[in-house]
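Q: Based on the provided sequences and hints, a complete structural model is requested.
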Amino acid sequence: MSSIRREIYYVLIANKFGLVGFSIILAFALVAVFADHLAPYDPYEIVAPPYTPPNERFLLGTNDIGQDILSEFVYGARVSLYVGLTAPFIASLIGTMLGLVAGYLGGVVDEVVTGTVDVMLALPTLPLIIILAAYIGPSLNNIVLVLAFFGWSGFARIVRAQVLSLRERPYVEAARAVGASGFRIMVKHILPHVIPLIIANIVLSATSAILTEAGLSFLGLGDPIAKSWGQILRRAQVGHAFHQGLWLWVFVPGMGIALLGAGFTLLGIAIEERVNPRLRFSRK
Amino acid sequence: MLRYFLLSRLLRVFIVFFIIVLLNFLLPRAMPGDPASILANEYNLPADTVRILRSTWKLDRPLYEQFFAYLESLFTGQWGYSYKYYPRTVYELVMERLPWTLLLQGITSLTVSGLGIIMGILAGWRRGSKVDVSITVSAIVVYAIPYYWLALMLQYVFGYILKVFPVAHAVTPGLPHANFFEYALDTLWHLALPVTAVTLTAYASYTLVTRNSMVDVLEEDFIFVAKAKGLPERVVMKHAIRNALLPPLTMLAIRLGHIVGGAVITETVFSYPGVGYLIYESIIYKDYPVLNAAFFMLAITVIAANFAADLLYAVVDPRIRYVKRG
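If you're matching them up, the sequences are chains A and B in order.
Residue numbers for the first sequence follow the working numbering, so the first one is 1 and each next one is one higher.
Residue numbers for the second sequence follow the working numbering, so the first one is 1 and each next one is one higher.
Source of the hints: derived by calculation from the structure; they are not laboratory data.
Heads up, the beta-carbon is just placed ideally off N, CA and C, and yes, glycines get one too.
Hints may be right or wrong, so weigh each one.
[Unchecked claim] Here are a few chain A residues that face chain B, going by a calculated C-beta distance under 10 Å:
hint, residue
1, S23
2, L26
3, A122
4, L126
5, P127
6, I130
7, L132
8, L211
9, F218
10, G220
11, L233
12, F242
13, W247
14, V250
15, G261
16, F264
[What the hints assert, rightly or not] Computed from the model, here is a short list of chain B residues facing chain A with C-beta under 8 Å:
hint, residue
17, V16
18, I145
19, Y160
A: Quick look at the structure:
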């Protein structure tokens, strides 16, 4: 247990990137969890005339149909965190499983998995996501599934490469010699060594998942019911926020996306540096 | 070995291509209503016209025959009619928008990769210094900024408050231009904000990749030797840069593949008359033929660019092709 505590110390406390990144994520997570208490109004309720400029009751003003923008922003943290965490997590489950099996078993299984991964990595992802979202129809979970579907190949490749080197280690050979099954070796002896790398990549992929969801929502391909930051930006753009002088309507949700995204990237880099010391900042 | 490498990559290209075409073929057919009846509803076409359209598009034939007909029409540029701009053809629409997209994307590709690579070289060369930390940290922060948001904020500051740059269109609508020079100036003036917005956000990934590549190269023996024999810093840097440029150049090659799709969101924010804006319109109006055509075109160039990047890699760095996999 103490070794895990030590790792957490190195990543979250000793590493400035990790500390800043984690603090940002934690702050947004608190906002998301306590959205009901923090948001001054129900974000779906029409509480004032449309385009009310910011005042002490509506700190960011109201949108084109009179909903409180600050409340929308607070609830938006939920959507971004949800997409940012679930999509990479599902992708990592699929990718890890396939990468483990391909790397450990080799042969035909490996050929098939590697071939599929190569194909997936060569597909034009963003246009594909756009066209799929346009056809499948807007729903938050559809977006998560599409993102996961295009995200697993990266995980599979990383895990496979790692497994290839791990399975030749003496301790794995020893496990095999005393008769451990392939499944047991994969899960008990190899998987634990791959997990730090997977965590680093989940955190790093969160940024692009958040950005993609926001982009899709901004294009009108997001879930119209979910109050996401991209959705707020879309309303601001369609509702001509600038003509009304409501620049905060645009500024704040964008800052939310940028900050949360940067938080995940910083934390991801901190974990990656710990897992893969070659990348460290300081000179040797 | 080179032949094995080429064959395996070619095989991959064909599989990817096939998936794209199949998807493009199946998606519209999985939707309720066929293209002919959608057109008929939208424009109150007479029943005869609908029947003729159905038979031209072979919508009354079995699926596999439709597929071959689809392939044929795909490569002959008969991409059907736009639902929104009927009776204009999709091909016409796309070709009309393409030059604007190529202009905008061509310029941003240069500025983005140029700025990104220079910053990355500076950061990697002075690894661990204040310069490195500030360049890298700002790149990380910038990387997470949605570029359309920056575009919107630039519009607000320079378009609405200062009123120095236009916030929409590629040229001033209705303005007669005296000569080509004036026209070009007007075009550039309209490009200012979109190019700035994309450059200031997209450069970051080039910076991060170039920095890491630079750091790797600087640890190699030949750099050590170069320093040891007393070569001036400038020369050592030149050696390092040449070796560090491969990853960012590959990124650039792949980016070039995405050019024809336009920057969907940037073009939307600026109502820029490129392919990207056309894609946006086709999403909003459910103009599936246009969406499919744009997607198809984009897919082809992306695949071609990826393939080219692979070849580039193999030619420039012979070590690649001798590694069979992994």
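Q: In ascending order, which of the hints set out earlier in this document are inconsistent with the structure?
A: 1, 2
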